[in-house]
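Student: Dock chain D against the given chain H, drawing on the hints supplied.
2 protein chains.
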Amino acid sequence: MPGERRAGPLRSAQDEAAPAAVAVDCNGADLGPAEVAAGALIAARQGARAILFGPARELRAAAEGCELVDAPLSIAKSSDPARAVRASPEASIVQAARAVAEGRAQSLVCAGGTGAALAAGLFNIKRTRGIYRPALALPLPVPGRPVTLLDVGANVEARREHLVQFAFMGAALARTVFGVDRPRVALLSNGEEAARGSPLVVEVHAELAQRTRTPLAAFEFIGNLEGDGLVGGVADVVVTDGFTGNVALKLMEGVSQRTLSAVRDAAMSSPRARLGGALLRGALRAFRDEVDPERQGGAYLLGLRRLGVVPHGRFTRAGFAQAILRAARGAREDIVGQTQQALQGAGALREAPMSVQVASLRHRR
Amino acid sequence: MPGERRAGPLRSAQDEAAPAAVAVDCNGADLGPAEVAAGALIAARQGARAILFGPARELRAAAEGCELVDAPLSIAKSSDPARAVRASPEASIVQAARAVAEGRAQSLVCAGGTGAALAAGLFNIKRTRGIYRPALALPLPVPGRPVTLLDVGANVEARREHLVQFAFMGAALARTVFGVDRPRVALLSNGEEAARGSPLVVEVHAELAQRTRTPLAAFEFIGNLEGDGLVGGVADVVVTDGFTGNVALKLMEGVSQRTLSAVRDAAMSSPRARLGGALLRGALRAFRDEVDPERQGGAYLLGLRRLGVVPHGRFTRAGFAQAILRAARGAREDIVGQTQQALQGAGALREAPMSVQVASLRHRR
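So the sequence lines, in the order shown, correspond to chains H and D.
Going by the numbering used here, the first sequence wraps up at 427, each residue one higher than the last.
Going by the numbering used here, the second sequence wraps up at 427, each residue one higher than the last.
Just so you know, these hints were derived from the structure itself, not from any lab.
Cβ coordinates follow ideal geometry from the N, Cα and C atoms, glycine included.
You may find that some hints are simply not true.
Residues from chain H shown here face chain D by an in silico Cβ test under 7 Å; the list is partial [claimed, not checked]:
{"#": "1", "residue": "E219"}
{"#": "2", "residue": "A268"}
{"#": "3", "residue": "V293"}
{"#": "4", "residue": "G295"}
{"#": "5", "residue": "V296"}
{"#": "6", "residue": "V309"}
One chain only, chain H, in its complex shape (with noise of 0.2 Å):
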């Protein structure tokens, strides 16, 4: 199967003189392929090479000099990606996903949504070798250091093993683009003592705590954290299933912007409080700064043979040129890889399919 290629020869394209070069999907943004391309050029003069795939003429007019390939069909919208992805090979984000796949590029941004990069990722980059499934993590904008939420919606579903791996893959995002050399990983529940939660929850914890006893582990387990302990700072990554992480990330979104929004209409409600809120804006920008979505640059998708980034389609070319630069570092740090070997230390990677456990079965009888 043209998916279960080994690691080996994908690597390779790395060592080429060029500098890593990012895939990105430009159509799907809420302020059109030219913003996306826009933010391009941004990350281009911080040294991150993109290629672009979009309606060429849009592209070319918002970044002269960027390399693009003329892709203007988009399946953002549609309500099934995993078909659209089958139907359409011309699509932009199939042909994004297959430059990633055929070593032209080492990661992918994705401007339109994650169901097709997700589809496109699975079909052409597929999952690495030993992984059951993708997870999207979504660093939320916490004042301080980024606190890595996964799965935030690639999965509704998750199993022990899918948790346990969303610990590791979380962790390798944590080191390797953001920088934090022991990563504090939490699992998200209801309660924080160990028997706290889901029967699900509790075989996690359980199989977590076992997994990173060695002080040699990939990062460190700090066990269950509340709903509240997501904005707490205490820890680097929480793992959870999909469902529950995107309620999770979606409330949060929704809870800041309606206290942000009481307060600017608080601010307009009289001639006293317009002056007082005109008084405090500055102040107030710093914060709005560093809970600002664009930067972080969006979703990290995870689990795949190459990086992949997610920004929000509302984004502007600030964030689109984060998704950029970040997925670019992600590729040059290797994440993909520094998974694996974490995985593999643990012993916490799928074993071989059934066919390849009969063969060697065979071949010992």
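Tutor: Okay, now just chain D, sitting in the frame of chain H:
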């Protein structure tokens, strides 16, 4: 079995001349039993009769004239409430629950946490006939009308029929305690489409849609809601399992607190900002009041043969007063009977236990 008495004999207590009483366990509050007693005094002035359980000397000093039962033993901090309830019949929460079970009071307020309230309630007041599981319902302090989220932690796991019943229980609460004529009930999920969500959520969605197809249904089912919908004001009741609900609730509290404290910090960061903060303070007070959890009185324990209300341990007298007033109102409006009726009308009550089924089969033969 004593817990399987019919609703009739218990309900008769309400018809007596004295106003329905609320049994209040005063132990376990952060500010001590006297603060709860002070809340009872406020509630009494608004017509709610409370019977206080806790250390008599402290209670009497704070709420002269209130009925009280000397019960100094607290199991609020027990790590195994079910065991503590069985082992300590003299504990304040157990005595309070017994008062409700025996008809001396018609609803329960417990300042000592949900674990103790749930265990004492299940053991003494018992589940309503036909209810699978009690649920903890929290009216989220959202500006405008509160949004009741349930379950926020009574059960870490839920089956289809549990979540279906939670929808009816939440709707009955919205109607009886919050006065919403035809509550809009939603299901928490990771996407709005009917097909989005875990297999459990998809199943529950289909069943709720089917059960509420008639305009005579006890509530309007508005479908799936994503995390940010919790603060969007589109639903009166949002149904989820106790694991997700608990994570969501604590995350909301965490994000709100963090955002408001960032605004506070910003308003202390310079003389200019300090002046701005001072001018804005009055306008922000209305928002703070609206999102103050004490205004809602705490979480509602539904599914027992009587209503329970569990204020947060950190509440002040104002919050405890609200809890008592809400508990009195829920009993007066017969939330238990209304829930039962709605479930019966929808055919969503648990069927008779196996032994009864077998007996009736024998009878037919």
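Student: Now tell me if each hint is right for this structure.
Tutor: So, going through the hints one by one against the coordinates:
The interface hint given for E219 of chain H holds, since its Cβ lies 6 Å from the closest Cβ of chain D, which is under the 7 Å cut-off. Using the Cβ-Cβ criterion of 7 Å, the hint placing A268 of chain H at the interface with chain D is not satisfied: the shortest such distance is roughly 16 Å. A distance limit of 7 Å between C-beta atoms decides the matter here; for V293 of chain H the minimum to chain D is near 5 Å, and the interface restraint holds. A distance limit of 7 Å between C-beta atoms decides the matter here; for G295 of chain H the minimum to chain D is near 10 Å, and the interface restraint is violated.
Checking V296 of chain H against chain D: minimum C-beta separation of about 11 Å lies over 7 Å; hint violated. Of the supplied interface hints, the one on V309 of chain H holds, with its beta-carbon coming within about 4 Å of a beta-carbon of chain D, less than 7 Å.
The structure fails hints 2, 4, 5 (numbered hints given earlier, in ascending order).
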